[in-house]
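Residues -28 to -1, 1 to 466 (mature numbering (1 follows the signal peptide of the UniProt record, and there is no 0)) are what the sequence shown spells out, left to right.
List time: in silico DSS-like cross-link candidates among lysine-lysine, alpha-carbon distance up to 27 Å:
hint: 1; residue 1: 105; residue 2: 58
hint: 2; residue 1: 58; residue 2: 117
hint: 3; residue 1: 5; residue 2: 117
hint: 4; residue 1: 105; residue 2: 5
hint: 5; residue 1: 117; residue 2: 105
hint: 6; residue 1: 117; residue 2: 22
hint: 7; residue 1: 58; residue 2: 5
hint: 8; residue 1: 5; residue 2: 22
hint: 9; residue 1: 22; residue 2: 58
In short, the hints are calculated from the structure, not lab data.
Note that the coordinates shown come from a computational prediction; the quantities given were computed from them, not determined experimentally.
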Amino acid sequence: MSRPLRAAALTAAAVTTACVGLAGPAQAAATGKASVYDTTKVTFNAAAGKTNSVVITRSGNTITVDDRVAVTAGTGCRAVSGDSTKVRCTTRTAPTWINVNVSDLNDTVVNNADVGISVRAGSGDDTVTGGPKRDLLYADSGHDKLYARGGNDYVYADDGNDYVEGGDGEDDLRGGWGNDRLFGQGAFDRLDGNEGNDTVYGGDGDDYLEESPGRDTLHGQNGNDEFFQNHDTPAPQDMRGGPGWDRVNYGFRTHVIYADLDGQVGDDGRKGEGDTIALDIEGLDGGSASDTLGGNALNNWISGGEGNDRLYGRDGDDSLQAGPGNDRIEGGNGADWLSGEFGADTMLGGSGADTVSYGERLVTVIADLDGATGDDGSAGEKDTIGADVEKLYGGWGDDTLTGNAGANLIHGDHGADVVRGGGGDDELESGEGSRTGTDRVYGEAGDDVLRGGGYDERDRYVLDGGPDGTERGDTCIPDYPGVGELVNCERQES
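Starting from the given sequences, assemble the full structure and let the hints guide the process.
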């Protein structure tokens, strides 16, 4: 399951559990009351006008509710002799859920039972601590502290400047209307500050940090984290990655995005947005408009999406993936991987051993590395591949791929391909081949290495070394089980 789908599933689960398992707060009373309902669930409504300190424990089928003020035993519960602040509630079978509702003043709730719990805090400055199972923790007005602990938890801060901390599970942590602080812990967490100027920490695990309307500071920390920018009318965000491979995603944006990974303060996002993407973030996704996206000195992964995009890898060994549209892709320094979907793309390698790939293309591709304008790609596409690209990969069709005067690596991949090295000492591969056609690999000038075959014995190929560059000559390697013909091969290896 992809990370966005996992995050959506986590939210859906939180909403479902909240609707099914959560009993709403009863009319506030001067004395708290605990009861059993649905045979396996316990609910406790704390006393109003009191400072409650509620501790929940379990022994077998019995849930004990212990407060600092008087508690009344309701259905399925009994008072504890000599302690008016404690009741014991016994369910028909093992208890499955606990509901706690506290009222006004500054209350404390701690769940020490290994049973899932939902807690609705009241209007004071409350402190709520969940248990080892799934928790649903809801703040109210006041400056609250919410600690989820174990299980896959859902925590919502609501009003006030709140502190929210996840636990060991996959948690969904949501800020409210104030200036909140959210802290993920282990596993995959989803964190959203919502309104206000929030500070968010992902913690360990591969986390999903959502943009919100406030001026937030988002720290991915450990793990491979994603910063999801899903609002077209946002406030400035300060995004910091940390250890791991981190990524900023503007994929839902419909306005033009200008963003890079250079760490410059306030120069990212749509015009006037003022986002800051730190230097320790490696990945960047554009939206559906014509975006301009740039990398940094790390090994970056940049995806343009729809629109006529401009992608710049800069330093590092980068992967630059354009979407539909007429895109310009420049690798810069390093050994870069360049790829576009259908459209008149310009793909320039820069320094380093760069690759253009049509690996996902299902139709025939005719492409070369001669640098001529508009002569590459599928029929009518008019791609331009720069002469500073050294490697070329075909797709699933019957492709014709040609190198240049440099030392090239050309891979035909699927289909009945024609691969030509041109000048230079090239490495040429037929790829997986076709059961119905014949791969043809021509070394041409230079001392070339030619590989042929396929994963099927019915694949056919021809390896033709062509003229030699030196006395060493061409090397042909029929290293697949197909049926091959070797021509002008001075050396043969298996």
